[in-house]
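*Asks:* Listed below are the residues making up each chain.
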Amino acid sequence: MAEVNSPSLTERKPLSQIFKDLITPIKTVSFSSKVWDRFLILIIIWGTFAYIHQLQSGLGITAMRDYSTWGVYISNFVFLVAVSLVGFLLTAILKLTGIKWATPISRIAELVAVAAVMFAGLSIIVDMGRPDRIHHIPLHGRFSSPIVWDITVVNIYLIMSVIMLYLPMIPDLAILRDRYTDAPSWKKKLYTLLALDWKGTDEQYKLLNRANRIMMILIMPVALGIHTVTSWLFAVNSRTGWDSTIFGPYFVSGAFVAGTAAVIIAMYVYQRAYKLDAYITGKHWDMMGKLLVLVSLVYLYFNINEFLVPGYKMKKLDAEHIRALFVGHEAPLFWSVQILGMIIPIILLIFKPFRKPLPMMIIALFVLVGGWLKRFLIVVPTQFHPTFPIQNVPENFMVYHPTLAEISITLALIAGVLLIMTWFVRLFPIIPIWEIAHEEGYHQVEEEAKKPESAE
Amino acid sequence: MLEFTKSETTEKKDRRDFLKMLGLTIGAAGAVTTFTSTTLGATNLNSSKSTLSLIGPDGDLVEVDPAKLQMAEEIVSDSELLREYQRRGREGIPGKKWVMVIDLAKCQNARKCMEACQGAHELRPEQHHINVLRMQDTPDTAPYFMPKPCFHCDNPPCVKVCPVDATFKRQDGIVLIDNLRCIGCRFCVAGCPYSARIFQWSEPDMTEEEKLRTYDVELNVPQRKGTISKCLFSADRLRIGKLPYCVSACPNGVYWFGDKNEDAVTNGTTGETVRFSDLVRDNAGYTMHEEFGTKPQVFYLPAKDRRVPYDEANRMTTQN
Numbered sequence: 013m014a015e016v017n018s019p020s021l022t023e024r025k026p027l028s029q030i031f032k033d034l035i036t037p038i039k040t041v042s043f044s045s046k047v048w049d050r051f052l053i054l055i056i057i058w059g060t061f062a063y064i065h066q067l068q069s070g071l072g073i074t075a076m077r078d079y080s081t082w083g084v085y086i087s088n089f090v091f092l093v094a095v096s097l098v099g100f101l102l103t104a105i106l107k108l109t110g111i112k113w114a115t116p117i118s119r120i121a122e123l124v125a126v127a128a129v130m131f132a133g134l135s136i137i138v139d140m141g142r143p144d145r146i147h148h149i150p151l152h153g154r155f156s157s158p159i160v161w162d163i164t165v166v167n168i169y170l171i172m173s174v175i176m177l178y179l180p181m182i183p184d185l186a187i188l189r190d191r192y193t194d195a196p197s198w199k200k201k202l203y204t205l206l207a208l209d210w211k212g213t214d215e216q217y218k219l220l221n222r223a224n225r226i227m228m229i230l231i232m233p234v235a236l237g238i239h240t241v242t243s244w245l246f247a248v249n250s251r252t253g254w255d256s257t258i259f260g261p262y263f264v265s266g267a268f269v270a271g272t273a274a275v276i277i278a279m280y281v282y283q284r285a286y287k288l289d290a291y292i293t294g295k296h297w298d299m300m301g302k303l304l305v306l307v308s309l310v311y312l313y314f315n316i317n318e319f320l321v322p323g324y325k326m327k328k329l330d331a332e333h334i335r336a337l338f339v340g341h342e343a344p345l346f347w348s349v350q351i352l353g354m355i356i357p358i359i360l361l362i363f364k365p366f367r368k369p370l371p372m373m374i375i376a377l378f379v380l381v382g383g384w385l386k387r388f389l390i391v392v393p394t395q396f397h398p399t400f401p402i403q404n405v406p407e408n409f410m411v412y413h414p415t416l417a418e419i420s421i422t423l424a425l426i427a428g429v430l431l432i433m434t435w436f437v438r439l440f441p442i443i444p445i446w447e448i449a450h451e452e453g454y455h456q457v458e459e460e461a462k463k464p465e466s467a468e
Numbered sequence: 002m003l004e005f006t007k008s009e010t011t012e013k014k015d016r017r018d019f020l021k022m023l024g025l026t027i028g029a030a031g032a033v034t035t036f037t038s039t040t041l042g043a044t045n046l047n048s049s050k051s052t053l054s055l056i057g058p059d060g061d062l063v064e065v066d067p068a069k070l071q072m073a074e075e076i077v078s079d080s081e082l083l084r085e086y087q088r089r090g091r092e093g094i095p096g097k098k099w100v101m102v103i104d105l106a107k108c109q110n111a112r113k114c115m116e117a118c119q120g121a122h123e124l125r126p127e128q129h130h131i132n133v134l135r136m137q138d139t140p141d142t143a144p145y146f147m148p149k150p151c152f153h154c155d156n157p158p159c160v161k162v163c164p165v166d167a168t169f170k171r172q173d174g175i176v177l178i179d180n181l182r183c184i185g186c187r188f189c190v191a192g193c194p195y196s197a198r199i200f201q202w203s204e205p206d207m208t209e210e211e212k213l214r215t216y217d218v219e220l221n222v223p224q225r226k227g228t229i230s231k232c233l234f235s236a237d238r239l240r241i242g243k244l245p246y247c248v249s250a251c252p253n254g255v256y257w258f259g260d261k262n263e264d265a266v267t268n269g270t271t272g273e274t275v276r277f278s279d280l281v282r283d284n285a286g287y288t289m290h291e292e293f294g295t296k297p298q299v300f301y302l303p304a305k306d307r308r309v310p311y312d313e314a315n316r317m318t319t320q321n
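For the protein sequence lines, the chains are P and E, in the order given. If you read the first sequence in the working numbering, its first letter stands for residue 13, the second for the next number, and so on. If you read the second sequence in the working numbering, its first letter stands for residue 2, the second for the next number, and so on.
Lysine-lysine pairs mimicking DSBU-like chemistry, simulated, CA-CA at most 35 Å apart: (1) K328(P) <-> K98(E); (2) K325(P) <-> K296(E); (3) K107(E) <-> K328(P); (4) K368(P) <-> K107(P); (5) K39(P) <-> K107(P).
Just a few of them, taken from the derived set where beta-carbon distance is under 8 Å, the chain P residues facing chain E: (6) S69; (7) Y79; (8) M140; (9) G141; (10) R142; (11) R145; (12) Q403; (13) V405; (14) P406.
Calculated from the structure, these hints are not laboratory results. Backbone N, C-alpha and C define an ideal beta-carbon position, used for all residues, glycine too.
Only chain E is shown next, with the shape it has when bound in the complex:
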């Protein structure tokens, strides 16, 4: 059974700080352990208090001596790390089929998802991997808020039209964008009927330090001028067994996220795990505009019994 850690524990925070000191992100941990074992021989496993728990390349937990890690960091060049990120980024996580369920009844337009996402992916306030829209289908029906990430379609029009394989569909269902490959033709933006993609029209707002980070295709950071960016289902977080940024940031229990193969989704707010098929069936779940034949992998639960009254919804939108 899939276990998601709801919030970061203190040790994990330490680990994160430690890795930051090394100039690495948490997402890099898998690669570091790989290189530790290949370049320094077998990893020393010891039970002293100072060891680190890192996720190995196969998803197993490895205990690593920070001293070894420090050595490994010196040996691992940027290009080697980059190659490893690219390899695993294109391959995906074997055996998984990620799926998201968005409960429209619960969304109150808190926009914590948007904030968390923009923070993680170095986006400007007007750039959205996930965008909370105010929808009203007909004049007679009630308005509702609709968080709109990338739908990670099983028949993705964006991937079909990309001339250089910069955007691709992985075995775990995630549609990623490689901003080292992208030529900036923006055909995928035209091709996506859900407006899920954004373009870096100018130099992204990043510090010099951030710009120097090794590019992780699963995080799409550093962002690059003249290339595409989009929702990645937080592939970097999934790799370390965590829920996506938006999902964990939601205060209102809107998001369920999980593995379709396991038929289990976990709520990002409550931590509750339920059967995906039950959730979607019992709550009349559906996908958006499936008439395009895109087979979206983000499911919506209808906006019934909304917590936000009609007037409230109106008021909140006029502010924007």
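With the rest of the complex left out, here is chain P:
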């Protein structure tokens, strides 16, 4: 930790270099970035068409039926809520406990949180049979329903996450306002407006730090709340596979795994695309790798509890469910997820050579995809083991294979998250300029930003 707090003066980067490195991504949009966002937009348009088709024909165009009544849309919701929890882990837990290494990636984490939770809300709307009646929830809402709790807490989390993304960005916005002189006028107006007349006085920093700290504390119960309540959407039902008392912590621990993996992938992409090697360094990769091992071990512990205990008892319906997962229809997927998405990543990341950008990014991809499939395995198979046998219904009621429409809409939701993360970087610095400058020992950053750029 010590070397971060007292950088050696010989190695420290010139302030103008920091400005240049971190503002450049905003100034120039690369060709590949343009191709990337057109690609995302195409997926979103395609998904929107699929959704319009779904609105017209009903949810019958999905593979969901009376027994498998929740499918990939609900899996998407749980997955996106899970991913969004990393904002809370990296910006609140680590910062409040005085761990400073995460500073350069805290904004990435918070951005992942905001983007994911926004589209989590959309996933729920996509799953509704009557989205035209969404106003019935505030109009006729009954507080006994966990859905009402979930909507409440997800919205609060979204608002708080946006605030937590915005607050530490205010000094950067002021720097952009003063430094990014050749910006288009709408951008200038935006920065001026959002910078709230920030001057960087001690008084202002005092207020900002206090506000940040309050938010970090307040977000804790809300963040734990969103994923715990999301787990209750399942756990409150008397159904084998969902009827579990550890679903809250099981979901929260799984969320930290998925979210950490998502941030690792985002770190890799941003570092490569915007040449941020000087800011996202080997140390960050090392620490994030260790963090992923830690949260995965906790998740492994909950997995063992969740499956071993009912597997030992083998109550009638539990036994059916566990057999389907362990040796039956769901077994190939289940073991792939557990081994490739959890156990092998833990083992590999214990060794230092794997805590390097490329191997870690690949491992994180496995963890993240495994994370989505794990949600699918939590949501879907349980529904095929109801109390009474499934009879007198067509064959397609007894299986669930997502249709093209469901996959298209799912991809569009993921593309939406990625598009927000792509566009954000074109407007705002993804690495906190002022925090880096302060760590490097510079003060009066705002004053320096006003000085004209020296000829290069």
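Could you slot chain E onto chain P? The hints should help.
*Replies:* Relative to the frame of chain P, chain E by itself:
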């Protein structure tokens, strides 16, 4: 004492045709009389042959002149009728506590109950408010057929999880679903441990005329795309003093239905009325999976001395 009419009499059929001509269902009769008396002043009661016997809002019999009824129909707008259906649908029938007893020993998988139900509620063949299952509890015990309606639980998990009060428990014990309120989240489907609920995944199979009917929450017709449907204990039939569709359709005497407050249940096939408490006690009646704490209001009598031999049960299932 509760009196159920076993089958429709000729006059009642006429009445039904007459109301159909007006574009109303029998269930609407109560509402029509209400509006007749409020919008046209006191109802003319006369003893001429052409009067109609209709059940009033308080369950009393009212004689109505069809001519007045015709006028009332013109005045009563769809929205007024709908409001009345919704009001009484949510309120329930005061003083009643409906209960069903299913005698598993008698069920021969005739499936008349399923047919009658699907016909009444505009359901497709794969949609079941009531589903006759072939059960075999252990490999050593004999298989039996089990009709499974909604259990109208006194502690209904579906009602607890509904975010918009679209599904609700009435004072007479019936759990209904309001498909004008339902947002289609399907949490109730996940919540019901008995798989009693179905969802309208696509546009329901109905004629244009059927779609235009005023929505009656006690019948859940017209069905609507993107909403839930479920067994309603035929609340529309109970309102006019009749047994549920499935109960009256059964040829094998499987169903007993009645009012727990009166402690009386009537057999849908034989018309025999007995004490509910005696029936359940003397025949070792029980409820399904009461370990969920749901307090089901559908009771089962064990499948002893079944009329269907073991082989027969096997054969009948393999056909399905």
